[in-house]
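Number of protein chains: 2
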Amino acid sequence: MATTISSNVTRPEPQALKRAIDALAARFGNRLVTSQAVREQHAHTTTWLPTQPPDAVVMAQETADIQDVVRICSANRVPVIAFGTGTSLEGQVNAPAGGVCIDLRDMNKVLEVHAEDLDCVIQPGVTRKALNEHLRDQGLFFPIDPGADASLGGMTSTRASGTNAVRYGTMRENVLALKVVRGDGEIITTGTRAKKSSAGYDLTHLFVGAEGTLGIISELTIRLRGIPDTIAAAACSFETVAGACQATILAIQTGIPVARIELLNAAQVKACNSYSKLSLPETPLLLLEFHGSEVEVAEQSKNFRDIAAECGGGDFTWTTKPEDRTKLWQARHDAYWSVKALRPGDSIGVVATDVCVPISRLADCVTETEDDLKRLNLLSPIVGHVGDGNFHCSLLCDVNNKDEMARGEEFMHRLVERAQSMDGTCTGEHGIGQGKQKYLKAELGPEALDAMRALKHALDPQNIFNPGKIVPAA
Amino acid sequence: MATTISSNVTRPEPQALKRAIDALAARFGNRLVTSQAVREQHAHTTTWLPTQPPDAVVMAQETADIQDVVRICSANRVPVIAFGTGTSLEGQVNAPAGGVCIDLRDMNKVLEVHAEDLDCVIQPGVTRKALNEHLRDQGLFFPIDPGADASLGGMTSTRASGTNAVRYGTMRENVLALKVVRGDGEIITTGTRAKKSSAGYDLTHLFVGAEGTLGIISELTIRLRGIPDTIAAAACSFETVAGACQATILAIQTGIPVARIELLNAAQVKACNSYSKLSLPETPLLLLEFHGSEVEVAEQSKNFRDIAAECGGGDFTWTTKPEDRTKLWQARHDAYWSVKALRPGDSIGVVATDVCVPISRLADCVTETEDDLKRLNLLSPIVGHVGDGNFHCSLLCDVNNKDEMARGEEFMHRLVERAQSMDGTCTGEHGIGQGKQKYLKAELGPEALDAMRALKHALDPQNIFNPGKIVPAA
Chain A
1 MATTISSNVT RPEPQALKRA IDALAARFGN RLVTSQAVRE QHAHTTTWLP
51 TQPPDAVVMA QETADIQDVV RICSANRVPV IAFGTGTSLE GQVNAPAGGV
101 CIDLRDMNKV LEVHAEDLDC VIQPGVTRKA LNEHLRDQGL FFPIDPGADA
151 SLGGMTSTRA SGTNAVRYGT MRENVLALKV VRGDGEIITT GTRAKKSSAG
201 YDLTHLFVGA EGTLGIISEL TIRLRGIPDT IAAAACSFET VAGACQATIL
251 AIQTGIPVAR IELLNAAQVK ACNSYSKLSL PETPLLLLEF HGSEVEVAEQ
301 SKNFRDIAAE CGGGDFTWTT KPEDRTKLWQ ARHDAYWSVK ALRPGDSIGV
351 VATDVCVPIS RLADCVTETE DDLKRLNLLS PIVGHVGDGN FHCSLLCDVN
401 NKDEMARGEE FMHRLVERAQ SMDGTCTGEH GIGQGKQKYL KAELGPEALD
451 AMRALKHALD PQNIFNPGKI VPAA
Chain B
1 MATTISSNVT RPEPQALKRA IDALAARFGN RLVTSQAVRE QHAHTTTWLP
51 TQPPDAVVMA QETADIQDVV RICSANRVPV IAFGTGTSLE GQVNAPAGGV
101 CIDLRDMNKV LEVHAEDLDC VIQPGVTRKA LNEHLRDQGL FFPIDPGADA
151 SLGGMTSTRA SGTNAVRYGT MRENVLALKV VRGDGEIITT GTRAKKSSAG
201 YDLTHLFVGA EGTLGIISEL TIRLRGIPDT IAAAACSFET VAGACQATIL
251 AIQTGIPVAR IELLNAAQVK ACNSYSKLSL PETPLLLLEF HGSEVEVAEQ
301 SKNFRDIAAE CGGGDFTWTT KPEDRTKLWQ ARHDAYWSVK ALRPGDSIGV
351 VATDVCVPIS RLADCVTETE DDLKRLNLLS PIVGHVGDGN FHCSLLCDVN
401 NKDEMARGEE FMHRLVERAQ SMDGTCTGEH GIGQGKQKYL KAELGPEALD
451 AMRALKHALD PQNIFNPGKI VPAA
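Those protein sequences? They're chains A and B, same order as listed.
Read in the numbering used here, the first sequence has 311 at position 311, and its numbers run on one by one without any break.
Read in the numbering used here, the second sequence has 37 at position 37, and its numbers run on one by one without any break.
Excised from the complex, chain A in its bound form (with noise of 0.2 Å):
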């Protein structure tokens, strides 16, 4: 008999399970495995989430492969979660019910580039950096940096942006069509290589940022850009969080066209100044970087020069040579190191969390998280992408400290519903998965989680594609 974890997890039937991989064992072969260690693998999750290992994984090498998982688990009414690199932060990897998880790292070819249109067609398992990689050589790039070299299909389904998406849009913005295997294997065809288009539903962005829950993607066609001829770094001192955001709110007013401008707490530069042997003032540090022609980062780093020096900002130095702007954003690229060297420890976590919220009350909402983790005795640095609202926490807790635990989730919860207080979002970039399910309700309503209830019944009725993601219980 099945069993019933919450009232939108079911685990399949025992029999019902071992039918399904036997069934695959048949088809795949040694693509299937079921080792511990790997089903493992294919679960890790970067939050205080339990790992929750599938029954099995296929290494899937093409199209066909997919849609015969999904055949043969929708069949036997067992689960099939969509697998890229597993750098996702809220548990959208893990399988609280079991099922089937289809590994897409080898299906890792780029199709089709079209340089005249900026625009490519690959599969799921691509990674950002062997894109940007093949890209190289006919002047393109794919903007969107969510930090991990994460796969292409994953991006799309966690709706991933990162430092670029203040200029070049995230995911939503820079997936054109997708491929998507339904629940009877067949495969629906989102869009067209067309720029835009009007015709019927938008299904594209249906898929964008659904984590797996509505269908497997087997192939995306995204926008490119030209690589620009000229990149800027510049970066900038700031005695108060206010002032950086107000520096960042009037450059984007007054149209810089910033391609990345990133908030360092005090915290998180003091950090950085002791992993990376810097000596950056302790106080709040913008780090920005402009794309264009020469003349025009030339205007764009004068130009934010005035305005940082209106809001209070301390000496602006900016660079176009590759080493220097290594060095000037040296800081950002340590970031995640320097936090994990803060406090080492077998039993330290760090938790990564981000919340986004209207840019105006962006210096508000990073102030009382501050005062929040002074109130709490908690460390966590915090770095934005201010261009944007958006923010992380990097919480370090250590885990077999049961105190310092409630703590920190007791921090976590008011840094959410600070954000949406603000009128802003519990999630800019990391997704729902399961560790933000609690948090819809209170953002967008009942009737939004109706209207979603609605829409994964519609198009998974078997409730087989990542059970127990996103959509909360009834």
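Treat the hints as calculated values from the structure; they're not laboratory data.
Worth double-checking, as some hints may not be accurate.
For identical chains, the list gives no copy identity; a pair is met inside one copy or between any two copies.
Said to hold, decoys possible - Heads up, simulated EDC-like pairs for lysine to aspartate or glutamate below, C-alpha to C-alpha not over 20 Å straight-line:
hint	residue 1	residue 2
1	K302	D229
2	K441	E186
3	K441	D184
4	K109	E62
5	K438	E409
6	K340	E404
7	K327	D315
8	K438	D450
Mind docking chain B on chain A? Use the hints.
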């Protein structure tokens, strides 16, 4: 008994319709209108489709009005059709099954402007000109310009765009969140004011472009931009459409952030010369607009001039003076009227249609379309939002001439097939409405249509919202 018009359009039972209209009359008094003239005004359509008026029109003044209309209609299974300004082009406001039209023109308040966040909250009946008038003093504007002074609710529902889309995106990229009245009269909130979010399914984009078939938009949060410091206009004639398209491709590839880039084919230039007393060379013409600082627009213009010269462009003229800009763009502004003037007469109709292809195929698509017009002995100047690969034909036909009408239909049909065969779409910005339903299956396949039908049924199980639009009968 209810009358089934086609498998997805059913006229309400006469008794149920009467009950609904009586209830609406009791609730709305003289804001419920059933006169023939007003009903016909609300089913205006500039296609060859017949006008299909609703049974009644309610003039809504606030969200509660929409909710009550929907509740009354839902209880009686009577269709509800939203109406903004009636400028849609594919029969979107027609009422093939009768029902009640909700006229939203009086819901025209700008509710909040958040200058620092570059967003605002508005009612659906606000028109784009009224909005820009409202915003001007704050140095802000809303960039989407579909030509007509359409309502923002309508523009959202057709996923409209226009001349500025190449730089600023379409409605798809510029709607942050919506409030939508669903079938039971309750309101779905689709998002927050955060600029980006990964919080669950993208409900916002499901309603953008849904043509009122999934619910009625009662409030919109949209993105704004700062009015650029300097605007430059430019014009350049080309020997061939291919040359003009190649210049466009290079401009976009090299990252010139053109704000507008419009192609007028030779027939359109000829029409403009005649109507606006201009003396432009009667060859393909590109009209451009650059937005930015003085330095930026000067550099952009210069860079484009070099590209144009490489691609066989003739004299390149550019200016930042408002009166000269207007003169340079005169031909584009008068395009519609110049077409009308080509062939006066009561029985002559102008049917506007649009397709969109990858930009690398645009020259082929336009040239083959011109050849087809010659072959069919038809007159249709062409204007293109060429940076997006989107172009319009304004076909002149004598509605009393059966043979000409048949050739016109053949032309339109072949135009769509041509665009689709080039990996394009049957509509870049006009929408599907009634006119283009027959092309959806060829474009996206039966699986996409299944998905669209499932979504429609999930969110509108009674099929009361604008029935008979977008999704063709199964």
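Does the structure break any of the earlier hints, and which numbers would those be? none
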